[in-house]
Structures are given as structure tokens and as C-alpha cells.
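Number of protein chains: 2
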Amino acid sequence: MPQKIPTDSIGYVIPQAIDFTEPLALACGRTLDAYRLMIETYGTLNDDASNAILICHALSGHHHAAGFHEGDSKPGWWDSAIGPGKAIDTNKFFVVSLNNLGGCHGSSGPNQIDPATGKPYGPDFPLMTVTDWVESQARLADRLGIQQWAAVVGGSLGGMQALQWAISYPERLRHCLVIASAAKLSAQNIAFNEVARQAISKDPCFHKGRYYDVDDVPRTGLMLARMVGHITYLSDDGMRDKFGREMKTGKLMFDFNPQFEVESYLQYQGERFSTSFDANTYLLMTKALDYFDPAAEAQHDLAKALAHVKAKFLLVSFTTDWRFSPERSREILDALIDAGKDVSYAEVNAPQGHDAFLLPIPRYMDILKAYMSRVEADIPATSSTTAEVEA
Amino acid sequence: MPQKIPTDSIGYVIPQAIDFTEPLALACGRTLDAYRLMIETYGTLNDDASNAILICHALSGHHHAAGFHEGDSKPGWWDSAIGPGKAIDTNKFFVVSLNNLGGCHGSSGPNQIDPATGKPYGPDFPLMTVTDWVESQARLADRLGIQQWAAVVGGSLGGMQALQWAISYPERLRHCLVIASAAKLSAQNIAFNEVARQAISKDPCFHKGRYYDVDDVPRTGLMLARMVGHITYLSDDGMRDKFGREMKTGKLMFDFNPQFEVESYLQYQGERFSTSFDANTYLLMTKALDYFDPAAEAQHDLAKALAHVKAKFLLVSFTTDWRFSPERSREILDALIDAGKDVSYAEVNAPQGHDAFLLPIPRYMDILKAYMSRVEADIPATSSTTAEVEA
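So the sequence lines, in the order shown, correspond to chains V and G. Position 115, counted from 1, in the first sequence is what the UniProt record's numbering calls 115; the numbers after and before it change by one each time, with no gaps. Position 158, counted from 1, in the second sequence is what the UniProt record's numbering calls 158; the numbers after and before it change by one each time, with no gaps.
Here chain V stands alone, though its shape is the one from the complex (with noise of 0.2 angstroms):
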């Protein structure tokens, strides 16, 4: 538990768990017959349901993006940008954050107990795509009585959610806000991700997914994986920064063991994450992002694609990163731009690469904070919160 909880923390929240009966058809062809999503809100939501703002998570993300669960001494994984007065402001904003289908934090996923069998689904989980997650969310707006968000938000993998938003409903948002993501994966991308699914299923502890049954862990292939993953996330300019060459012995020892900093530094992230997220999960996002094309059913033509969209955009990238590049977002505002379509554009100067995305950095929270006061100021005037009554 923290000695004290930040004063510009949300505080101390709590997941809630929302069961949902009606069948939810995949794009594979298959239906989901009942699903749980586990889900965490924060402020306060304002008479007609206006204020609402969607946080959809990436790769390795939950339903915990803000506050501190009890007994926890770090807050959730957006918590610099989710709370009173941050620029996601919960004195003025309802916000939602889910754990989505397929994730390993209590929704319903791989790690889960099929309904069908008592025993956890494993590989027989359906595999997700942004598409069914949209489709989701979407009845998880219904369930809390949203007909349409204040504004959707994602980075990386939860900026395709956001995009996909504007693409299957139109009416449902006023604002679209992509941060460190892509329209697409590029062959570089998806090699990066086979690598990861090659080291899980090929680790002899998957036991071809059904690693729960033997009370078994792929750790080595989930380490590999995140490991891989890591190096993609920072940029070169940021390990030197970071690591550079320095070595742990201060000499050449001339033997396996970790030697370099940064050698040391990957295993420790490797193995705690292997440790802590599911394997079967993992082969899932990876393949979600892999899949993610929405230009594809308009002939690759992404302006084709967004050609009715309504939201209004802001797209953020970040100079070093190379898993998505300010190229890829650049893909996204030339699109958007030839469909006549509101957007905002910022490239934040960052060494972190693609992880600056979900790091405090001033420029990028001040560029946040801005959009959001226009987001605010497109809610209905009518509205008012009781958060805004009281400040």
C-alpha cells in the first residue's frame, strides 16, 4: 500500500465485473455465447451521459489505467494521464477502462473458465479483433447507458481500437484520439510479433495451449517474447541513453551470464512478465494487431475507409519511436486529411520511442490536456457534472 495516496491520484478504485448474455458473432466466424468484461470507471458520469470517455488498452494493458487498487504501491498503467486536473481530467470527464475480450486481468479470455467444459479455454478461446472489440465496447456503452462518448482513447494497439470507433459507429463518438499507433502493421511489425508467437508455442511448457491442464507456464517462450517486445518499444537513442555499454562487473568476464546493463535489464523485464501475463493472451493481441486492416475492405484505400467517419481527430506520434513511427500516424493524417476530415496533428520530440506513449512527458500531456478542453467544450451545454457543480 502507498504511504500516501498522491493528491492528484483518483485515489483508491475498484474493478467491477459486467456479465453480458446476448451472443457476440466474431469476424472468425464464430460467437461468443456469453462473455464477463471486467471493467474500472473514474468521475463521475453527468446527467445525459455526454462526459464519457473510452480508454482502450494496448498489447499488455487492462481495465487498471488509473488510482491505486488496495494494497498495490504502483497506480494503474495511464495513471499520469487519468485523474483530477491531469489532462484526462476526471473532475470533468466519466472515464472507462476495460480489460478487453481475450485479456488475461478477469475478462473473458484464454485464462478463463469456459462455461462449456469447467476447464479454462485456452487455445479454444476465439481469436479477437479490433473489429469484435469495438463491438464490445459498444454494448458495454449500452450496459452503461452511453449512446455516445465524449471521446475515445488509445495508444499503440488501443489507438486502432479508437480508429475502428470512429469507422463502425460513426454516431457514437465526437472525438477520436490515436496516439503512438498505425493503420496497419507493417511485414517488419508482424515479423517482430511471429518471433514472440514462434518462442511461445514452440517453449515444450506450452503444451500446444493447454498449459493450465498441466499446471505448466511457457515462462521461457513469454520471456523471449517480451524480451523481443521490449527492444521495439525504446529506441536505440534510448538505451544508449539508458544502458549504454556499461557493464555490470565493470570488466569482460568472458562467460554467459549477463555482462552488459542493458542484458541484465531485458531479463529482469522477461522474466517478471512471464510470470504475470498469459501465454495464450499474448499469441491473441499479437495476432489482433497483425490483422488490423480497415483500409482493406475499401480497396487499401484508408481515406475510402474513413470516408465516414464523424469524429473529429487527434493523432499524436513520437520522434523515435519505430515499432509505429511518426510515418505510420503521418499515414493516418493524409487519409484523414484527403476525406475532409477534422484533425489535429502533434509529433512530441521524445527519446523513449514507442513507450513515450504512456510516459509523462510534459509537451505530450500539455498537447493532451488542450485537446481535451475541446473536448470538453463539445459537450452538449446542457449538461452539467457534479464534479463541475462542486468546483
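Treat the hints with care, since some could be wrong.
The list cannot tell twin chains apart, which means a pair is met if one copy fits it or any two copies do.
[Stated by the list, open to error] Simulated pairs of lysine-lysine, DSS-like, Cα-Cα distance not exceeding 30 angstroms:
1. Lys74 x Lys369
2. Lys208 x Lys251
3. Lys74 x Lys304
4. Lys202 x Lys242
5. Lys310 x Lys208
6. Lys248 x Lys74
7. Lys341 x Lys310
These are calculated hints, taken from the structure and not from any lab test.
With the hints as your guide, set chain G onto chain V.
Showing chain G alone in chain V's frame:
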């Protein structure tokens, strides 16, 4: 066997094994009492042994750089650059290529028999450094009667050997050609190597490096190592041009079989490599890469480390190479200029990434050929080669 040996090929070549019995003291503190080097030579050594070129190989290379082995349909790994009339013209030069110590193609290394035990060295083979290799290559030069190389040439890890030659033996080479290389690895380079090492050493079939004794091979680890390596050898642009998001079946299959062309390609490359390369050698080669840092002994001042070199230099880099980017070659360039040395530098526009250094890119071959005419011009006037007399 090829239907017909191309007319610009050196033709059939036969490797030679050369045994050394004088102990070799290594950087790690250990000593190799005796060792073997597998070599190939192309062209004819002139009377005063002044037309000899040493070719140093990269991570997965070996002595078979040019020409054909009887029965093979593919030539050596740098046949595009070495042969009669080619950039490194075997009508003019006597070209020497070797498999480095610790390699897995016949030189003393982990997969060769340790005379002390009668079993393969395995993990008992000492870790080698670039400096150790240069020392062994200097002894090879002695054996061949070559007091001074007309040039030492290498790409990638081979370029590091060429650079180290200029530092270790200033009097023993007139020209130094360092292609797509770096004066030291970056933290990112080391990180990718560490992923490869973890993949191999954590493969249950690795048996702590003694897989020969149990007739096993860590194929998954080697496959993963090669897949990661291969991604870093290609450029993002090059992969887009080569694979894009082309699908094998034309539609999404929602399973974990290779879906995109790039996945099949990488798996194929990885699997092929895993049956042809030795895992202990891969570990050793990546460590030699990590450890190379000639400036470290000169207060991390590369210009100082190069103060005593006498060779003239050609540096070549490739625009889309992100493993050893043009910036890394310019670090060597700047240091050589600071040290007042004779250096030419060419940055070749090529979409193929690091792999470009192995390819017959016209401008690259032209640059190499033009520089080699300088190397030829610096052969002492009293010399003559049989080939020159014939020409």
C-alpha cells in the same frame, strides 16, 4: 552441381586445412595449444607476396567466399564481389578467406574434437574476440609468406576484424576496407544478441552446450535466433517491398499457421539455419560482436585508438541499414579524420538494409572496384603476378 560455371567465376575451389601448433594466448586469459584454420585462396600470389587480400567473414560466414565446391549449385557467400574481372579481381589479387576460430565450418571450434578429451569442445571452447581472430589471421599470413596485406576487407563483424588489423598491425596492411560495420555495438545491438543467446541457451535441447554428446540440437533456439537476426538484417522498407502484407491464402485464417508471406519466409530461414549452423558458435560469435570496442583501451577515444594506424581506409555504409547504420560508419570516419588518416567514405543508397553488404548492388560494386584499383596501384612496382603477365 551447376549446369555451367559462369565465365566470371573463379570456378571450382577446394578448401585447405592449415594446422598451427604454436600456442595462441587469448584475450580471455586462456590458451589454445594447437588449432586448425580452414581457408580458401583465389588467384595467384605474386613473387614478393604483395598482392594478397584478406577477406574476414561476418557472424554466420566461413572460408567459402567465392567459386563453387564440387557438387554445389550455389557459389561462396561473396562470389558477387570476388572473381576474375570482379571488384576484387582474382586476375590481379591473391585472395585469402578463412573460417575464424570458434566457427563451425572446419576451423577449431565448439563442434570440433578437443584433442584433450576426444569429444567435441562444446562450451569448453574459449570465447574468442576480434583481437584473437586478428592474431590467428596474422599467423596465417606468416604461414602463407605474406608480410603485408595489400588490403584487409570485411563487412559487419568482418569489418571489425579489418579495423582491428589496422590497429594491431599497422605495418602489415596497406588498405583497410570496413563495410557496413561499427566501432562497437550499441545497447540495442547487444540487446538483440542477448535475445538470441537466451533463445539458444534456454532451449531444453541445448543441454548446457553439450548437445553433441546426446546427439541433440537446440533447433528452436537457433531458429528463433536467426529469425530475430534476419529481421535486423533487412530494412522496414525492404520488407515492405518484398512481402508487404501479402497473405499465403489470400484471406485471414484465424489460426496460428503462417498467414502472411513474411511469416513463412522467416520460419523457412530460421529452420534452414537451425539445421546448418552450430549453436555454440552462434553464442560465441555474438559475444565477439558485443565485446568489440577498440576505443575502450584508449579512454573511449576512437581517434586515439586509431592514432597509430598506417593503412588507408575505405568505409562503406548503406542508407537503410539499421543494424549498423550510416551513422555508425560516420563515427569511424570522423575518428579517422580527427586522427589525420587517409579515408574515403561512401554511403550507398540501397533498400536492402544490412544485407546490402552481401549483394551485387551496382553502385556499391563500382565503388569497391574503383577503390581496389587504388589498392592495385599501391602494389610495389617491382612486383608482377603471373596473371598480370598473362593479361
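Comparing the hints with the structure gives:
1. Taking the shortest Cα distances, Lys74 and Lys369 sit within 30 angstroms of each other inside one copy (23 angstroms), while across copies they are farther apart (60 angstroms).
2. Taking identical chains as interchangeable, the C-alpha atoms of Lys208 and Lys251 lie at most 30 angstroms apart only when they sit on different chains, with a minimum of 24 angstroms there against 42 angstroms within one chain.
3. Neither within a single protomer nor between protomers do Lys74 and Lys304 lie at most 30 angstroms apart by alpha-carbon distance, with minima of 43 angstroms and 47 angstroms respectively.
4. In the homo-oligomer, the alpha carbons of Lys202 and Lys242 lie at most 30 angstroms apart only across protomers (27 angstroms), although the nearest pairing inside one protomer, at 32 angstroms, exceeds that limit.
5. Proximity of Lys310 to Lys208 under the C-alpha cut-off of 30 angstroms is found in neither arrangement, the shortest distances being 44 angstroms within a copy and 59 angstroms between copies.
6. In this homomeric assembly, Lys248 and Lys74 come within 30 angstroms of each other (Cα to Cα) only inside a single copy, at 27 angstroms, whereas the closest approach across copies is 44 angstroms.
7. In this assembly of identical chains, Lys341 and Lys310 lie within 30 angstroms of each other by CA distance solely inside one copy; the values are 8 angstroms within and 62 angstroms between copies.
Going through the hint list in order, the structure does not satisfy hints 3 and 5.
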